[in-house]
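Asker: If you want the building blocks of each chain, they are given just below.
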Amino acid sequence: MADITAASIHAAKAKSRSTAERHEARNALILSAPALILLLLFIVLPVAGVVFLSFTDFELGYSGFKFVGMDNYTELLTDRTFRQSLWNTTVYTAIVAPVSIFMALGFAMLIEAEGIGRSFFRTAYFLPVASLLVAMATVWQYLFHPTIGPVNQFLALLGLPGPNWLGSAGTVLYSLSIIGVWQSVGFNLVLFLAGLTAIPRELYSAAEVDGAKSAFDRFRLVTWPMLGPTTLFVTTISIINAVKVFETVKTLTEGGPNKSSEVLLFTIYQEGFVYLRVGYASALTVVFLAILVVLTFIQYRVQDKQVHYA
Amino acid sequence: MSALSLRNIEKSFGANQILKGISLDAAPGEFIALVGPSGCGKSTLLRILAGLESADAGEIVVGDTVITDMQPADRNVAMVFQSYALYPHLTASENIAVPLAMRRLSTLQRLPLVGPLMPGQRKAVSEIGRDVREMAAALKIDHLLDRKPGQMSGGQRQRVALARAMVRRPAVFLMDEPLSNLDANLRVHARGEIVELHRRAGVPTVYVTHDQAEALSMADRVAVMIGGEMLQLAAPQVIYDDPAHVEVAKFVGQPRINILNSHVMSGGIVAFAGAICELKDKNITSGSPVTIGFRPEFVKVIAGDEAGESGLRGRVERVEFLGSEIIAYCRLDAIGATVVAKLTPAEGGKLSSSTPVRLDVAADHLFVFGADGRRLAADPILQTNTAELAHG
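For the record, the sequence lines run as chains A and B. Under our numbering, think of the first position of the first sequence as 1, with each following residue one higher. Under our numbering, think of the first position of the second sequence as 1, with each following residue one higher.
What the hints contain is simulated information worked out from the structure, not anything from laboratory work. Misleading hints may appear alongside valid ones.
Unchecked claim - Pairs of lysine-lysine residues, derived as DSSO-like cross-links and limited to a Cα-Cα distance of at most 27 Å, are as follows: (1) B:Lys-123 with B:Lys-148; (2) A:Lys-213 with B:Lys-123; (3) A:Lys-213 with B:Lys-148; (4) B:Lys-123 with B:Lys-140; (5) A:Lys-244 with A:Lys-259.
Just chain A, with the same shape it has in the complex:
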């Protein structure tokens, strides 16, 4: 008898607990619904739409479309323009991301050490981020002009032959990289400055007392490891931004000369909005997205292990 009562009480308790759990789960769903709906509407659905279109031969202006299966993707494999733009984007990213990260780190440490000019330098370096790149592109066009440009005039003063920066296939990608670095150093610098301010001063004192005499020792012992989370974030953002290069290419070179500055986003733009081949552009976009996702994933997997979150 006693056993039966105990068992039934137990069952009743379990039942009421599961009701409470169900109730809680329902509340959680209701509370997260707005975010889920927005996420679905503005991120998941468009991505699904692009993936869907990439299997079709849809062209803007034509009514109707038909499924072509993997045709768009097989075309990609043989498309010389696509391969060129993939390579150019890789080179551009391989230059802009590391250079802008290490320059920003160096400048951030110099500014941090400087007491008086701090806010001035911070603002000065942040200006390129705040300015409109399309507008500033004209300034760069002037600076890089082969004959009247100040850069080449300066080189001429030193007796060096100035290249045709944006006009020759050999230099155009490097010229664009310089502009890319100029544009992103400021943003990275502000992030690094914030990271540096967050490092406890006592750690530097401890390092000095422990015998870290040189600035290099203190950097290795305190600054670099403590900046781990910042560096991870800055690296991710820099790579993504470099892969997304478009404005300078569109305004200054149109991918030229002879496709030597053709980059992924520009190719997508050409296919989708100039040739109106939406299906093919969608396939390009899917590849582009996949590259970004894989890069981000690798980044977090590799760096997260070495990063210390205090």
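Knowing the structure of chain A, use the given hints to seat chain B on it.
Answerer: Showing chain B alone in chain A's frame:
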């Protein structure tokens, strides 16, 4: 010969003078506590000793080496920080190894990948590992060596910080409030441990704290700093029983010393509540303002207000029961002041708020301070009836 000596250390930040000529000598193996309210300059003095700040004037000597202008790394001085300042990305054993690696390995030997290829690196590294394990065993933290600071409790971190400071056998130990981040129980326990470690290391230690109980209980000598000046440097008992300055008397002791304004009567007599003192300095004119102080445990409280008895009449405002003792706050309406008395439960058990009482103060425990706060030498005059009351 003193193991550590500071001579006339001065320091200003802008127009703000933080240290106004501090001098101090520590004997070999001496434990000195620098105690004072926040902002008194004690931490700045410690940072100057470590070489993290430079003094505007003055000299620091360790043994027979002048270290005033040396880099922190070149002074053989170790420091334990308030936040412990452990490197969060390194394990306990790596943290403890840092000061050894910095001293015994060259920059190249310390580099990853390249370091192990350098001649002699392997031997030095294994020696460092052995020293770290020895130190860890001495501090009973061997089981923590593979943990990072984030995986340790406050007490464990504090031990790792101590190990990191001690492992290189420094000539001087500096500690900046190392116990203030521990909870109250652990703190009392850790006091004893630090004193024991200090005794074993036998190295002069300068210990900064704002907690007077910590300073009195741990140190061989206590230096009381207030407003950038060292007001008194003496053994804990002297600091307590014989304060040189009214601020020292106020800072040390719990509950706080009773401080009242008074003035000198003719013949250099200062009197309060049955206690009478005669100032030794006969040049102090009668009527000069003075401050008198007496510790709560030397106040005798007698219930009742029969006329004709000695002592000051008052009324109990509030009674605090603390187990082994009772703190009674007595209002003296005649002079508009409240006097705190510390009583045994037997003495104070019958007191409750608004009980009328008479107060008596022992004359030989009455301190007289001049207008500048300095202690004035005074002889107690023991009258027969008050003496009886005072000593009960």
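Asker: Of the hints given before, which are not true for this structure?
Answerer: none
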